[in-house]
Amino acid sequence: MTDLPFAYSLAHAECGWAWRIFDEDGETVAQGLDLSQSDAQASVESAIRTAASEARA
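Mapped onto our numbering, the consecutive letters of the sequence shown carry residue numbers 33 to 89.
Possibly wrong hints are sitting among the right ones.
[Claimed, not checked] Simulated restraints, written as ranges between beta carbons of each label pair:
id : residue 1 : residue 2 : range
1  : His-44    : Ser-78    : 15 to 25 Å
2  : Ala-87    : Glu-46    : 26 to 36 Å
3  : Glu-59    : Arg-81    : 28 to 38 Å
4  : Glu-46    : Arg-88    : 33 to 43 Å
5  : Glu-46    : Ser-85    : 26 to 36 Å
6  : Ala-74    : Pro-37    : 17 to 27 Å
7  : Ala-87    : Gly-64    : 17 to 27 Å
8  : Thr-60    : Ala-89    : 16 to 26 Å
9  : Arg-88    : Thr-60    : 11 to 21 Å
10 : Ala-89    : Glu-46    : 35 to 45 Å
11 : Leu-42    : Ser-85    : 13 to 23 Å
No lab work stands behind these hints: they were computed from the structure.
From the three backbone atoms N, C-alpha and C, an ideal C-beta is built for every residue, glycine too.
Between the sequences and the hints, there should be enough to build the whole structure, so can you do that?
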């Protein structure tokens, strides 16, 4: 996963864990909110895979 040109932020929010994924230009390509940190991390990884496959298409 480290070779993909995306960055992400993961932050504790009042109602769970908020996450955002950014492309090389700093644009948000995905975002979400999950109840647990582990669910948020899994969502981030899934969204990065999806964004990477869309970028290659």
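Legend entry - Hints not upheld, ascending by number: 3
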